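Q: Under UniProt numbering, read the sequence shown as residues 1 to 104, first letter to last.
A portion of the hints provided could be inaccurate.
To be verified - Heads up, simulated EDC-like pairs for lysine to aspartate or glutamate below, C-alpha to C-alpha not over 16 angstroms straight-line:
| # | residue 1 | residue 2 |
| --- | --- | --- |
| 1 | Lys63 | Glu99 |
| 2 | Lys63 | Asp98 |
| 3 | Lys63 | Glu48 |
| 4 | Lys73 | Glu48 |
What the hints assert, rightly or not - What follows is a set of in silico ranges between Cβ atoms, one per label pair, in the way DEER data are often shown:
| # | residue 1 | residue 2 | range |
| --- | --- | --- | --- |
| 5 | Pro62 | Tyr18 | 15 to 23 angstroms |
| 6 | Asp11 | Ile75 | 20 to 28 angstroms |
| 7 | Cys26 | Gln5 | 16 to 24 angstroms |
| 8 | Ser17 | Asp47 | 13 to 21 angstroms |
| 9 | Phe21 | Gln68 | 20 to 28 angstroms |
I should point out that these hints are in silico values taken from the structure, not numbers from a laboratory.
All values derive from a computational prediction rather than experimental measurement.
Even glycine gets a Cβ: it sits at the ideal position worked out from N, Cα and C.
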Amino acid sequence: VFGDQLQFWTDPNCENSYPRFTHIACLYSELIAININGQLCQWNWQDEYPYQDSDSPHIKHPKTLLLQLMNEKIINLSANIIRASILTETNRIATWIDESLGSQ
1 VFGDQLQFWT DPNCENSYPR FTHIACLYSE LIAININGQL CQWNWQDEYP YQDSDSPHIK
61 HPKTLLLQLM NEKIINLSAN IIRASILTET NRIATWIDES LGSQ
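Let the hints inform the model, and build the full structure from the sequences given.
A: Quick look at the structure:
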């Protein structure tokens with residue numbers, strides 16, 4: 001049941017390690033954050049653990065490749081219930097809609 005138990009966002013690669021974030025926001029179906037390395041991170045409300053790509057531990061959000069963010073450092077984040085937007089250090093802007101509204 002929502003709210004009955006705290007669950008901390010841990011780093012699956014380092015036991016007892018907690019990631020640090022510069023920005024955090026939520027959409028209808030996910031919690032999104034920017035870590036101190038400028039990476040986009042995701043934790044779906046329905047998932048037991050935060051997203052972690054099985055092939056690449058540096059990918060922490062499934063839209064990283066689609067939005068071409070592999071070599072980008074994210075410096076700002078804005079979100080509301082249906083849309084999120086990010087700004088990178090190279091002045092690129094990327095935006096996406098919540099999964100509950102369908103695929104882009």
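Q: Do Pro62 and Tyr18 keep their Cβ atoms within the hinted range of 15 to 23 angstroms?
A: holds (22 angstroms)
Q: Within a Cα-Cα threshold of 16 angstroms, do Lys63 and Asp98 meet the stated pairing?
A: holds (11 angstroms)
Q: Confirm or reject the claim that Ser17 and Asp47 have a C-beta distance inside 13 to 21 angstroms.
A: For Ser17 and Asp47 the Cβ distance comes to about 19 angstroms; the hint holds.
Q: Tell me if the beta carbons of Phe21 and Gln68 are separated by a distance inside 20 to 28 angstroms.
A: holds (22 angstroms)
Q: Tell me if the straight-line CA distance from Lys63 to Glu48 falls inside 16 angstroms.
A: violated (19 angstroms)
Q: Would you mind confirming whether the straight-line C-alpha gap from Lys73 to Glu48 stays at or under 16 angstroms?
A: violated (27 angstroms)
Q: Cβ-Cβ distance between Cys26 and Gln5: within 16 to 24 angstroms?
A: holds (18 angstroms)
Q: Do the alpha carbons of Lys63 and Glu99 lie within 16 angstroms of each other, as the hint requires?
A: Holds, because 11 angstroms separates the two Cα atoms, which is no more than 16 angstroms.
Q: Looking only at beta-carbon atoms, does the pair Asp11, Ile75 fall within the given range of 20 to 28 angstroms?
A: holds (21 angstroms)
In the structure shown, a violation is registered for the earlier hints numbered 3, 4, in ascending order.
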